[in-house]
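Position 142 of the sequence shown, counted from 1, bears residue number 269 in our numbering, the numbering being contiguous throughout.
Worth flagging that the hints you see were computed from the coordinates, not collected in a lab.
The beta-carbon is built from N, C-alpha and C at its ideal position, and this holds for glycine as well.
Label pairs and their computed distance ranges (CB to CB):
| # | residue 1 | residue 2 | range |
| --- | --- | --- | --- |
| 1 | 265 | 186 | 18 to 28 Å |
| 2 | 149 | 188 | 36 to 46 Å |
| 3 | 185 | 287 | 44 to 54 Å |
| 4 | 148 | 179 | 45 to 55 Å |
| 5 | 266 | 243 | 13 to 23 Å |
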Amino acid sequence: ASDEESSGRLVHLLAGPVRRATWFSGRLGLAAAGIVVAGLLAGLGAWAGAATQGAGLGLVELLGAGLNVVPTALVVLGLGAVVLAIAPRAAAAAVYAIVIGSLLVDLVASMVAGLAWTAHLSVFHFMALAPASTPEPATLGLTLLVAAGLLGAATLLFVRRDLAQG
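Modelling step: build the complete structure from the supplied sequences, incorporating the hints.
In structure tokens:
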């Protein structure tokens, strides 16, 4: 999306009958669908691997584990979309910073007892360790609500700003 804007292709598209909110929401919808498909494929791949090793884990259980990452990934998509709506060229770096920063926070929090509280700063902290533990429906619902709020805010921000060229 950032490349379409900086190359000037988006200006020509939005000069026509396409509404900005429709275009942006469509891009976010495609990304969200890709996240869901990736979660399903991850669960299916884990099941196939477990089946070849006789691990005794069921397909439904591992599909659920694959889908367990979707709400957290949608929050990261929402954060990236907000940055894209404000500063398009910084969006990719922001998403990488969020994911890498969260991984580092989890690593440090698990290794240093005095810094265990910092685990709450990671986007991965609220994700269940499925299939070993069952995801909490309230946590999944709240995470999806946060993701929806971020995606909605990003769409509003995108509609209100000028396009950048070059």
